[in-house]
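Enquirer: The lines below spell out each chain.
6 protein chains.
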Amino acid sequence: MAKKLVTFGEVMMRLSPPGYLKFSQANSFELVYGGGEANVAISCAYLGMKAAHMTRFPDNAIGRAATQFLRKNWLSTDQIIYGDNKLGMYFLEKGAVHRPSVVVYEREGSAFSLIEPGMINWKEVLEGADWFHWTGITPAISDGAAICLLEAIKTANKMGIMVSGDINSRKNMWKYGKTMQEVMPKLVQHCDIVITSPRGIHEMFGLGEIGGKFKDSAKELMDAYPRIKNVVGKKRKSISASEQEIQGRIWNGTEYIKTETFEISHVIDRVGTGDAFAAGLIYGLLHYDDDLDALNFASAACALKHTILGDVNMATLDNVTSLMGGDTSGALKR
Amino acid sequence: MAKKLVTFGEVMMRLSPPGYLKFSQANSFELVYGGGEANVAISCAYLGMKAAHMTRFPDNAIGRAATQFLRKNWLSTDQIIYGDNKLGMYFLEKGAVHRPSVVVYEREGSAFSLIEPGMINWKEVLEGADWFHWTGITPAISDGAAICLLEAIKTANKMGIMVSGDINSRKNMWKYGKTMQEVMPKLVQHCDIVITSPRGIHEMFGLGEIGGKFKDSAKELMDAYPRIKNVVGKKRKSISASEQEIQGRIWNGTEYIKTETFEISHVIDRVGTGDAFAAGLIYGLLHYDDDLDALNFASAACALKHTILGDVNMATLDNVTSLMGGDTSGALKR
Amino acid sequence: MAKKLVTFGEVMMRLSPPGYLKFSQANSFELVYGGGEANVAISCAYLGMKAAHMTRFPDNAIGRAATQFLRKNWLSTDQIIYGDNKLGMYFLEKGAVHRPSVVVYEREGSAFSLIEPGMINWKEVLEGADWFHWTGITPAISDGAAICLLEAIKTANKMGIMVSGDINSRKNMWKYGKTMQEVMPKLVQHCDIVITSPRGIHEMFGLGEIGGKFKDSAKELMDAYPRIKNVVGKKRKSISASEQEIQGRIWNGTEYIKTETFEISHVIDRVGTGDAFAAGLIYGLLHYDDDLDALNFASAACALKHTILGDVNMATLDNVTSLMGGDTSGALKR
Amino acid sequence: MAKKLVTFGEVMMRLSPPGYLKFSQANSFELVYGGGEANVAISCAYLGMKAAHMTRFPDNAIGRAATQFLRKNWLSTDQIIYGDNKLGMYFLEKGAVHRPSVVVYEREGSAFSLIEPGMINWKEVLEGADWFHWTGITPAISDGAAICLLEAIKTANKMGIMVSGDINSRKNMWKYGKTMQEVMPKLVQHCDIVITSPRGIHEMFGLGEIGGKFKDSAKELMDAYPRIKNVVGKKRKSISASEQEIQGRIWNGTEYIKTETFEISHVIDRVGTGDAFAAGLIYGLLHYDDDLDALNFASAACALKHTILGDVNMATLDNVTSLMGGDTSGALKR
Amino acid sequence: MAKKLVTFGEVMMRLSPPGYLKFSQANSFELVYGGGEANVAISCAYLGMKAAHMTRFPDNAIGRAATQFLRKNWLSTDQIIYGDNKLGMYFLEKGAVHRPSVVVYEREGSAFSLIEPGMINWKEVLEGADWFHWTGITPAISDGAAICLLEAIKTANKMGIMVSGDINSRKNMWKYGKTMQEVMPKLVQHCDIVITSPRGIHEMFGLGEIGGKFKDSAKELMDAYPRIKNVVGKKRKSISASEQEIQGRIWNGTEYIKTETFEISHVIDRVGTGDAFAAGLIYGLLHYDDDLDALNFASAACALKHTILGDVNMATLDNVTSLMGGDTSGALKR
Amino acid sequence: MAKKLVTFGEVMMRLSPPGYLKFSQANSFELVYGGGEANVAISCAYLGMKAAHMTRFPDNAIGRAATQFLRKNWLSTDQIIYGDNKLGMYFLEKGAVHRPSVVVYEREGSAFSLIEPGMINWKEVLEGADWFHWTGITPAISDGAAICLLEAIKTANKMGIMVSGDINSRKNMWKYGKTMQEVMPKLVQHCDIVITSPRGIHEMFGLGEIGGKFKDSAKELMDAYPRIKNVVGKKRKSISASEQEIQGRIWNGTEYIKTETFEISHVIDRVGTGDAFAAGLIYGLLHYDDDLDALNFASAACALKHTILGDVNMATLDNVTSLMGGDTSGALKR
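Protein chains in written order, with UniProt numbering: chain A, 1 to 334; chain U, 1 to 334; chain B, 1 to 334; chain F, 1 to 334; chain H, 1 to 334; chain C, 1 to 334.
Derived from the structure by calculation, the hints contain no laboratory data.
For every residue, glycine included, the Cβ atom is placed at its ideal position computed from N, Cα and C.
Do not rely on the hints blindly, as some may be mistaken.
Said to hold, decoys possible - To spell it out: a stretch of chain B is covered by chain H in this simulated footprint if at least three of its residues, at any positions, have a beta carbon under 8 angstroms from a beta carbon of chain H; those stretches are:
1. 14–27
2. 90–102
3. 135–149
Claimed, not checked - List of simulated lysine-lysine pairs, BS3-like, C-alpha gap at most 27 angstroms:
4. C:Lys123 with U:Lys3
5. A:Lys123 with B:Lys4
6. C:Lys333 with A:Lys235
7. H:Lys333 with C:Lys186
8. A:Lys178 with C:Lys333
9. B:Lys50 with A:Lys123
10. H:Lys235 with A:Lys333
Given the sequences, and given the hints that come with them, work out the whole structure.
Expert: Dropping the structure here:
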């Protein structure tokens, strides 16, 4: 039977000028929805897992349209709650070659940011789940969001559900009075799998060094938080906005493992590639015995996301296993 | 030489599903910008006047794109100020026949709403202007906006610039602690021309009756605020979302004048038709000696706006004078 | 708690040139999905009911995309079965004024038409349902489809679930060796509510007259099939492809009731308006005590569908109750 | 065997903003091609006739694309000649209700206008034709075009091919040194069928009166040019840009015949409706014995064109005969 | 005088999501038509040859639209026959980098597959032709199609028309009871030019080896079928879906010739590149004395097709000769 | 305070098929406007300078739409003059890899080409300017344009405004009776900065050699025209239509300086990249003391333009300085 993932976090409306147009050239916006955690849930659903995303949407026609996007992309949505009247959104101008993509956020005061402790019955939401995943964006949004997240993690722990966190967070997001150094440790101590980088480990926990070796930082983190079984990272080389290289790495407490480098020569959409990696990792760890296989699955999923428009990875299981098996030919399927 | 109009108010990004699609069907949004006062300025610019709009935009790529929309539509934009990071926006689902259009606002916390007294040098902004126009939306947005507006009106009075206000306001917009009953009188007392309705006059000033005669309410208003020279109204009959009827009416202190009824049999975009009326009125009063001519001009402009997509009236002077002259044939121009 | 509807039938891909383009002008097709029964389920879901649609899709990327359309439009889809490789489709060229719309079908050999008895566990599918709805298209598609439908109706009868049939059928659809005269009586005898016309009653059952009075034909049908509680009809006047009139009528065994006439002056999409009527009838009979209210609800829903692109009615409960309450103004909702 | 029509004239690129956008709102243009005479040829081809259009296109990629448009729309194109480098074009902003459509031409110096006597082998081009049709636009373009046209008409006369002319012409088009009063009589004297109006007859030939009765003017014209067998007219009432009425009329030397009035309540594209009338007339006169039938066919074809985007009528024979038979319902064809 | 090519085979509607969207993201399909043999005819037409394609389309609006596509792309279409009601179609989801393109066919029961011996008058259709071309897809579709093809080839032989076959065929296409091993030899024995690969030669004729040398397999094939003058192949390296390499090779009975490798660094549309190669080969063999020139022409044409959207190569003669002359710069032409 | 640039030249409507479609595939054109000199002005405006463009547009709706495009892109437009009725235009079919882009011009007889001496008050237009820029296209258009340009340059000289000319010109453009050899020296002698190549220097002035060294040709030019302070060039290598390399070079009278090579691996739009270089040079020379910095700025701006659709460079100051500082990563900006 299909494994089930539950995620929790904000979902934003994403508005982007068609193709490579700049904001100043746009007379229309392409409309999708995305958010780090929901992206992971949807990616896993396209791989064949069951998935539900927990969030809070405004109680209006815009909020319902956002739910419909999640439903279309195979998520369970019955548990979603509604209230207030603002959906967070972000504007994306897609770059190319030397021209960077530009993202402008308008997410303050969103229905999700106004979530309050107790609004969610986590026991019900997590019922039947095999895995719970969160990211470092959620606790940065508001105190309410951070507390709800902690409730979720603790409930998952009690219910014997695996917990993974993609914990990197941008400092300038934390505006509600708490710092990431204050909040993250409380969340991470209950996690089984952590996706991060030496920079993240140093900034959030004061461990390792910013430019240090992945393995060393990972070890320090696992010493400090013994529940963690794997510290996972993704090394990206941005040759240009149109060419990227990806390599997965993992410290599982005994071994330091790296994948081959995946070269994406013609990027179509870079957004959400980290989430595709996380989703691939969850799928991989749930379905492969070998950590390298799981990591290769994650990296291949991440590489494939670069060729798919929107925030979410719609690669099929077959796409990912082909690529992780070394077939980079992209040859036509009839 | 062309007469010059200055307006002041919020400009929002307007996002609407293409054609008659509902929000739930949209995969893209058509993008224009609009706001009651800027709509008036642009409409007057298309009629051949000079026009500048004063507003405050976020200091980012989205704010600059909004300015570019105003520039394209002939407005002066050098005076616009920038700050903070949010542009107000609204979503519009266009209705048809019995199905109403739906508007969802996300404007709280916008750069404009955070405007503060003293941010604008009104003497400079109003330099060379013949007319200043405002609407009842601006004072409802925030205390800062209301105070800035009062500064503008008083400065205009001092500089001998005509002041018109399209003063109707929606009660549920007033969320910052003041009521319209408290704020509007201070603004209206300095106005030369007021566009409103018996309902508005009653709700805001406690004068006349909601269902009363236009002329009676108008008289009471002019008695209370003797600076007012004309009280102008627009009677709309909504046969359906696709068919509308418009008739202008004016009380000029001595005469009660009404236009013929303009029947719009195939509505293309209803939004901004009131602003087109206001713009037509300003143009009309500045260019015609006769009040009925001015009112006919306003009503014809309003009727034409119903056939133009977006918030603003792009009808030409020739379009308006033809229609006010009775040519309803819409016959092809080569 | 929300009432639940289950429907059963083929869902086709609908491909139509944008706007009013003819097939010979199209370089792209707009893509939605539709089918008489699924249209009813979705319409009820937009009104707030729970709804599931049972069908069979090809086991490929196209079949999965069809499922995603149903999910997006609020249906439960877990019960859908997959097999074979063809999705039925139809091409729609939208007409205007005197120019008729044109429909071309390519549905022979579809996965749905290859459905076989026993493929569906109806007890499971109908679990929790309050209502089961079918149309006269399904038994015309194939023997397998007709038998599966009969299984469904009988199971519904056993489980105490209301059964409605929109039974009109096009003779030229019956190509698999059985006639409608042979098949329909077996299905109709288990129905509680029947939507049809004097022509249908005559053609399928040899009762009444083609041009006879609705009430007389309805009476004869109810005499012959005593389980039927209501015979319901919809009278359409096609003034042109762009203007339609709709009036509902019902014979409930004791009374003959008609609604006012709903005039749709600017048709946007005529397809699926009959399904919107059926959905409105189901909702109405489940939520109103009075037959005229239910019928008015059905007719208002039908009228509103004419203004919505695609096969399905996305009108909200509020839209329908407003219109059935006599508000034809289509006035803007903020 | 299908009858064959040959036409001669300029074909322009038509660029129009999508939908009802104004020029100032357009970021793209919809692209079709059109010209009075080619429109007639294509319309006849859609009705089932054989048709060839003779023109001259620039000898470049744009000229070849124009030819491809004609080919797609069923015309023979082997006879077309190429030279020079400019394709005439026109910009069309579509109006609605009281807002007129706007047309801006850029056709001076086009490859067609540079056509010279002797460039066309009319015997070859007219081989197998049953009918030759021209309009009053062609002789207005250039002396070369006028002379080539006269060659064509004379050759047709010799070959026993019927000649029709839709002779109205706009005075301000005649810029090459000759007047229409000078040129038109030489062309019209060789014509069998003439489409015109009292105004046209007066302006071009000094006969009848501008506001005179159709029958009287027609008689005078036939007296002056005895080859003419029918003088045909089309009366249009422009209620608004969105609503039109059409009525055909004919003077056949013995009888004055008028059709019923065709009301087009929702105009989609007015351009080319006169050409659709001419095409319908040619088809009608070739296929019906009765003049009223032919005229009804012409008027119905004209009415249907109002619902089709672009310059050309793509109505089918079935569409036209249905409408001329009185079926205005536009009811769906499956 | 231009040489004339005749081709025979099915033409399908091709529906593809815009750009790089996946099926699950598409709300519209881009519409073109294609089929291996028609693609060759059109490609030759764009190079300046005369070309006609023989096929059978459904006798409805969709079939006629397909014919119009062929006409637009310069083909003669008068010979096409019509019957039944289904047009074959295929859905194409375009891949990128490691993500493969996906093709889903819905072609069973198409009008073409129902073609029957004797329906085509091949003497008439081949009148004036210099070359007849077919592919291995046609005999796989149905017995009728295979027999009609054999009639065509034999007629061509009698009329002294060159016959080429692009004979590779997919085993899983042969569903009507015959195998390719049974059918292909009867067709190939009458061919002058064969395009295939060692794998094809082995699978269809049991000659050579799957992984064998091209020259060896080609020799064996020519020994077995002495009418064959050239065995031609195209070696493709799929670096990724976005990068391809192409090299032509030929065995002409005395020499084994290979071209340089053409590197396509940014693929726009891979579909139909094999047909572009075949068209280039036909053009090359008809217009160049030297086999290497002909092969280079074919390979350059194939390379250029990768940059053109749709099934057909619209490269100009100038494009191909430039590239075969070594100019890979793609420098702007004014 | 921001420096101000004034430019003078024709602005054309640019019509291009969407994406990579060929002319034969287009059913719509994307619409922007462009012209060598206006492109420079707009590019400088996006970098933060003040800029005005002087031109002459037709006095109709199309001319006004062109002005609106310039306004939107930050230019001052009050000085623009209107007359006649034709806007020059060009059609652009975008190439890829080995397939060249194709440009077709229709600019003869444009309103700009009919400009006459004395129509422009250059003292007023150049008021407040720091720099005047022209290109070799303008004097090739008409005698009137050439004379107006000379007036501008001389006025600029008198007013102490820097003058730069991007002087390369295509011989086949000079159709009005004068040659470039005759006209260019009169213009160049008043210039401070010249952008050209050894080929240009040889063709226009008979100096140096076509294939000569840049430095040598530049020296000869500066000897002949001592006002010139810098001769600047841009070396382009066209690997394919999709890959380009750019390197700037300058001779400043004492030093010969070259930049690094900028590699653009995924070209989006090549048109206007030379203008982006010129704009970058003007900005660079005005804001950097060091010639290499200025040249690097120019080359980076040029490289970035390759990734922006349309004629004009919309890169921000931050984009250019990042790239000139060596950051080629195109990493996302939030």
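Enquirer: Could you run down the list of hints and mark each one as holding or not?
Expert: Hints and how they fare:
{"no.": "1", "hint": "14–27", "result": "holds (count 6)"}
{"no.": "2", "hint": "90–102", "result": "holds (count 3)"}
{"no.": "3", "hint": "135–149", "result": "violated (count 0)"}
{"no.": "4", "hint": "C:Lys123 with U:Lys3", "result": "26 angstroms, holds"}
{"no.": "5", "hint": "A:Lys123 with B:Lys4", "result": "26 angstroms, holds"}
{"no.": "6", "hint": "C:Lys333 with A:Lys235", "result": "19 angstroms, holds"}
{"no.": "7", "hint": "H:Lys333 with C:Lys186", "result": "30 angstroms, violated"}
{"no.": "8", "hint": "A:Lys178 with C:Lys333", "result": "25 angstroms, holds"}
{"no.": "9", "hint": "B:Lys50 with A:Lys123", "result": "24 angstroms, holds"}
{"no.": "10", "hint": "H:Lys235 with A:Lys333", "result": "19 angstroms, holds"}
Violated hints, in rising order: 3, 7; the structure is consistent with all others.
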